[in-house]
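Q: For reference, the chains in residue letters:
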Amino acid sequence: MEEFITTKDIHLYYGKKEALKGINLSFPAKGINALIGPSGCGKSTYLRTLNRMNDLISSVTMTGSIMINGQDIYSPKMDTVDLRKRVGMVFQQPNPFPFSIYENVTYGLRIAGIKDKQLLDERVEQSLKQAAVWDEVKDELHKSALSLSGGQQQRVCIARVLAVQPDVILLDEPTSALDPVSSGLIEDMLLTIRDNYTIIIVTHNLQQASRISDRTAFFLNGELIEEGKTKGVFLNPKRQETDDYISGRFG
Amino acid sequence: MINGGELSENSFSSLPNFGGEVILMDPIKDKIQSTSRETRQDIVGKVLSYSCISLIVIVVLSIFVFVATKGLATFVVNKASIWDFLFGTNWNPSATDKAGNPLLGALPMITGSFGVTIIAVIFAAPFAIGTALYMTEVASRRGEKLLQSVIELLVGIPSVVYGFIGLSVVVPFVRTHFGGSGYGILSGAFVLFVMVLPTVTSMTVDSLRAVPKYYKEASLALGATKWQTIYKVLLRSSTSGILTAIIFGMARAFGEALAVQMVIGNAAVMPKGLLAPASTLTSVLTMGIGNTVMGTVGNNALWSLALMLLLMSLIFNIIVRFIGRKGRM
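If you're matching them up, the sequences are chains A and B in order.
Heads up: take any position in the first sequence, counting from 1, add 112, and you land on my numbering.
Heads up: take any position in the second sequence, counting from 1, add 71, and you land on my numbering.
Warning: the hint list may mix true and false statements.
Here are the in silico distance ranges between beta carbons for each label pair [said to hold, decoys possible]:
hint	chain 1	residue 1	chain 2	residue 2	range
1	B	Lys397	A	Lys142	31 to 37 Å
2	B	Trp298	A	Ser288	28 to 34 Å
3	B	Pro229	A	Ser170	37 to 43 Å
4	A	Asp300	B	Arg307	29 to 35 Å
5	A	Ser288	B	Gly116	26 to 32 Å
6	A	Asp291	B	Ile103	39 to 45 Å
7	A	Tyr126	B	Lys397	36 to 42 Å
8	B	Gly116	A	Glu248	38 to 44 Å
9	B	Arg307	A	Asp247	47 to 53 Å
10	A	Phe362	B	Gly214	23 to 29 Å
11	B	Gln104	A	Ser261	46 to 52 Å
12	A	Asp307	B	Pro197	37 to 43 Å
13	B	Leu217	A	Ser359	27 to 33 Å
Chain B stretches covered by chain A per the calculated footprint, using a threshold of three residues with CB under 8 Å from any CB of chain A [claimed, not checked]:
hint	segment
14	98 to 109
15	301 to 309
The set of hints was computed from the structure by calculation and includes no laboratory data.
We put the beta carbon where it would ideally sit given N, CA and C, even for glycine.
Same shape as in the complex, but just chain B (with noise of 0.2 Å):
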C-alpha cells in the first residue's frame, strides 16, 4: 500500500499513517504558515516600541517647531534684525529706537551665558579629571565606592539649593574677596562650577573604565611608572571620553536657569568685568517670561532667546557626536 512518495512525505511529516491513507498535509501547512505566539510577541513589543518612539520624536519636533515659529516671529513679525539680535548691546524689548525698532540686543545675556559656561568648565575639567583618576588608580575600593555615592548625591542636590548656598556664601565670599557686589559672572561660574562637577567627574570616570586594561599592563611592563602610564596611555586613549564629558558639562551649565538667576545679578549690560551684575539667556528668561503678554514683542523677544539655547544645546550634541565618531576611529 505505501509506495515511496507517501513514505517520505509522512516521514517528514512524522504524523501516524492510518490504515496506509494518504494524510492531508493541511494541518501541518496551516501551522507552519500561521503566525506563531512568539512571532505575535515579537510584533507586539515592536509595535510598542515604535509607538513610544514616535511619541519622543513628535514631543521633541513639536517643542522645536513651536520654540522656532515663536522665536523666529520677532525677526519676521516684529521685523527685528538677526544681526542686531547677535551683536546688539541694548536689551530692552519694550522701547524702540529712533527708526523703530525694538531695542533687542542679546549680546550681554550671550556673553553672560558663555562666559559662565566657559569659567565654570575650565576650572570644573581639571577637577574632575584629577578625581576620575584618583577613583579609578589611586583610591582603594572603599574610597572609590565612598566618592562615587558622594557624586551621586551632588547630582541630586536640586539646582534652588546650590542657588541658596551660592547666595548665602559664595555671594559675600566674592564681596568681601574680590570686591564688588558680590553678584556677578565669577559667583555664577563659581555656582555653576560645582553643579557640572559631578557630571563631568563621572563621565570622565566611565571613559577612564573603558580603557582596556592590557593597555595598561603593556606600559607598566615596558617599564612605565604608574603616572606615565595613567598620561601617555590611560589619557590619552579616553581622551574622546574625557572631551565628551567636558562637552556634556558645558551643555549643562549653559543651561542652567535657577543657581545663576540667584547670584548673577540679572543686569542686562553688557558685563563689565567678571565682578559687576550680569545676566545669562536663562536668567533673562526665567525673569521675564511671567512679565509679559503672549504675542507682544517682549514676549517674542525671550523665545528668541530660548530658541538660542536650544540651538547651543543641539550644536553641543552635535559636538559629542562628532568627537564620539572620531574617537572610535
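If we strip away everything but chain A, and leave its shape as in the complex, we get (with noise of 0.2 Å):
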C-alpha cells in the first residue's frame, strides 16, 4: 500500500486528559476510509488533527508525526490556510452560511483570491453535480442555503468542499444527522468520487462503513484497535473487541 497519509504515534490531550493514545495508522491515496468506533473513543478528534482544526481549541496539546503527501502538516513551516485547501471537512451538522447557495460553494474559491465569474460558475456547477444536488437547486443558486432541507444543506457543504478541489476530504458523522434517503443518496455521491479524493470518513454507521469503505479502522478509548481492508475487518476481524463491536455486543 502506498501511504498518502501516515500518522505516527499521535498522542493528544484535551488538559490533562489523553484522548488519543498513540495512533500509527496510514491511508493510501484515493479511496473511502472509514473509522468506527463509540461514542468518545476519539476517532472525531483524530479526524481533526488531520486538518489542524484542533488547533482551534487551547487546551489542546499534541505529539506525533502527520505527514500528507511527504509532508510534516504540523512542521512550523506548513501554513494551516494552506493545509485546509488541500484537506477539506465536512462536519455532522450542515453548516451552510447564511448566504445563497452559490456563495456557498463559491466561498473557498473567493477567499483563495479567485474572481473570474466564468470560472466560478464552472466550478459551482461542476461541484453541485458531483454532489448530487445540482439538479434540485440549479434554478435557484441565489437562494438562501438556508431554505433547503437538511439534507440538500448537507451536500451544498460538501459541494462547498469539492469546489476547493482538495485532495482529501474529512467528513465527521455527514449522516447522522439526516433522514435514510439523504444518507443514501450522499453514500452514493461519496461512491461516485471515491477515485479523484483520498476520503476519510468517521461514521457510526456500521452498515455505512461496510457498504462504501475500501478501508475500516476501529477506535476504542483513544486506541487504535484494528486498521485493514473493510472486509476483512468485518468478516474476520482479529480482535475480540472489534468482533464485539461490529457484532453489536457493546458500543
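Grab the two chains, each in its own frame, and use the hints to assemble them into the complex.
A: As C-alpha cells, this is what we get:
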C-alpha cells in the first residue's frame, strides 16, 4: 500500500485528559476510509488532527507526526490556510453560511482570490453536480442555503468543499443528522468521487462503513484497535473487541 | 352484587367499594371540576403581569397624549405653521414676525441634533466594531473580562460627569487645536462619541457572540484566514445586529441633553460650522423649560420640540424593529 497520509504515534490531550493514546495509522491515496468506534473513542478528534482543526481549541496539546503527501503538516513551516485548502472537511451538522447557495459554494474560491466569474460558475455547476444536488438547486442558486432541507444543505456543504478541489476530504459523521434517503444519496455520491479523492469518514453507522469504505479503522478508548481492508475487518476481525463491536455486543 | 358496570366505574374512580354499594361520584367530580391550586396560582400570576403591563402601557400612552396635545397646541392654538417650524431658521418664541406669527423656526436645533448625532455615531461605529471584534475574537478571556468591566463602567457614568469632562477637557482642546470658542457641534459630537461608544460596543459584542460557532469553523476549514473569516462570515452574518447597535447609539445620542448642553454653546441659530456655537432640541428644551410659563407660546413651542424628540425616538425604534425583522429573513 502506498501511503498518502501517515500518522505516527499521535498522542493528544484535552488539558490533562489523554484522548488519543499513540495512534499509528496510514491511508492510501484515493478511496474511502472509514473510522468506526463508540462515542468518545477519539475518532473525531483524530480526524480533526488531519486538518489541524484541533488547533482552534486552546487546551489541546499534541505530539507525534502527521505526513500528508510527504509533507509534515505540523512543521512550523506549514501554513494551516494552505493545509485546509488541500484537506477539506464536512461536519456532522450541515453548516452552510447564511448566504446564497452560489456564494456558499464559491466561498473557498473567493477567499483564495479567484474572481473570474466564468470559472466560478463552472466550478459551482461541477461541484454541485458531483455532490448530487445540482438538479435540485440549479434554478435557485441565489436563494439562501438555509432555505434548503437538511440533506440538501449537507450536500451543498460537500459541494463547497469539492469546489476548492482538495486532495483529502474529511467527513465527520456527515449523515448522522439526516434521514435515510438523504444519507443514501450522500453515500452514492461518495462512491462516485472515491477515485478522485482520499476520503476519510467517521461514522457510527456500521452498515454505512461496510457499504462504502475500502478500508476501516476501529477506535476504542483513544486507541486504534484494528485497521485493514473493510472486508477483512468486518468478516474476520483479528481482535476480540472489534468482533464484539461490529456484532453489536457493546457500543 | 358487583356487576360489570359498577366494576368499571369503581376501578376508574379507584375508591374502595364499601359493602359493594355504588359510590357516589360527586367528590371526584367536584375535585375534577373545581380549580386546583396550580390553576389559581396561574390566574393570580396572569392578573399580576397583565396589570403591570397595562400600567406601563397607560403611562406610555399618557406621555404620548400629553406631549402631543401640548406640542400640537403650538400649531392649533398659536397658529404657527408646521412648515415654518420644521424649516424656519429663526427661533425666538417671544417675538412675532410682521404677520403676527411667533418666530418658531426649529431648523437650527434639528440640524444641531442630527449634526452631533451623526458625527458621533460615524466615529463611534468603527471604534465599537473594532473593540467588539477584539473582545470576541482576539483577546484572552482575562482581557475580555477587563474590557467588559471597563465598558460597563463607562455606561454607568452619569451624563453630567461626561459633560463636565467635556467642558474642562474637550472644549479647551477644540479651542486650541481647531479654533473658535471651543463650544460647538464638534465638541458635542466628541462628548457623545464617548457616551455612545460603550452602548454600541456591548450590543455589537452580543450580536457577534450570537453568530453560531460552526460558521467560523466551516470558514476556517475551507482555508480562510482569521481575518477573512471575520470579514466575510462573522461581520456579514451579524450585520443586522450591528446596524441595530448603531441605531440604538443614535437614539441615545439624539436624546442626550445635559452633557451636550454643557459643551455645545447653546446658540439657537443655524450652525455656521462645526466650531460655531449651536444648539440641539434637547439643549434648548432643558435651557428653556424653567423660564417659560405654561400655556404661553414659548412654553408650547418647547413642547413641540419635545414632541419632535419623541417622534424621532419612535422612528429609531421602528428602524430597529425593521432591521431585526429583515435580519431574521
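Q: Take the hints in turn and mark each one as holding or not.
A: Hints, verified against the model:
1. Lys397(B) with Lys142(A): 31 to 37 Å: Since lysine 397(B) and lysine 142(A) have Cβ atoms about 46 Å apart, the given range 31 to 37 Å is violated.
2. Trp298(B) with Ser288(A): 28 to 34 Å: holds, 33 Å
3. Pro229(B) with Ser170(A): 37 to 43 Å: holds, 39 Å
4. Asp300(A) with Arg307(B): 29 to 35 Å: Given a distance of about 34 Å, which is inside 29 to 35 Å, the answer is holds.
5. Ser288(A) with Gly116(B): 26 to 32 Å: violated, 42 Å
6. Asp291(A) with Ile103(B): 39 to 45 Å: Given about 43 Å between the Cβ atoms, the range holds.
7. Tyr126(A) with Lys397(B): 36 to 42 Å: With Cβ atoms ~41 Å apart, the hint holds.
8. Gly116(B) with Glu248(A): 38 to 44 Å: violated, 49 Å
9. Arg307(B) with Asp247(A): 47 to 53 Å: Given a distance of about 29 Å, which is not inside 47 to 53 Å, the answer is violated.
10. Phe362(A) with Gly214(B): 23 to 29 Å: violated, 46 Å
11. Gln104(B) with Ser261(A): 46 to 52 Å: The hint (46 to 52 Å, Cβ to Cβ) holds, given that glutamine 104(B) and serine 261(A) are roughly 47 Å apart.
12. Asp307(A) with Pro197(B): 37 to 43 Å: violated, 50 Å
13. Leu217(B) with Ser359(A): 27 to 33 Å: violated, 56 Å
14. 98 to 109: Coverage by chain A is violated for the segment 98 to 109 of chain B (0 residues, Cβ < 8 Å).
15. 301 to 309: Coverage by chain A holds here, the residue count being 4 at a Cβ distance below 8 Å.
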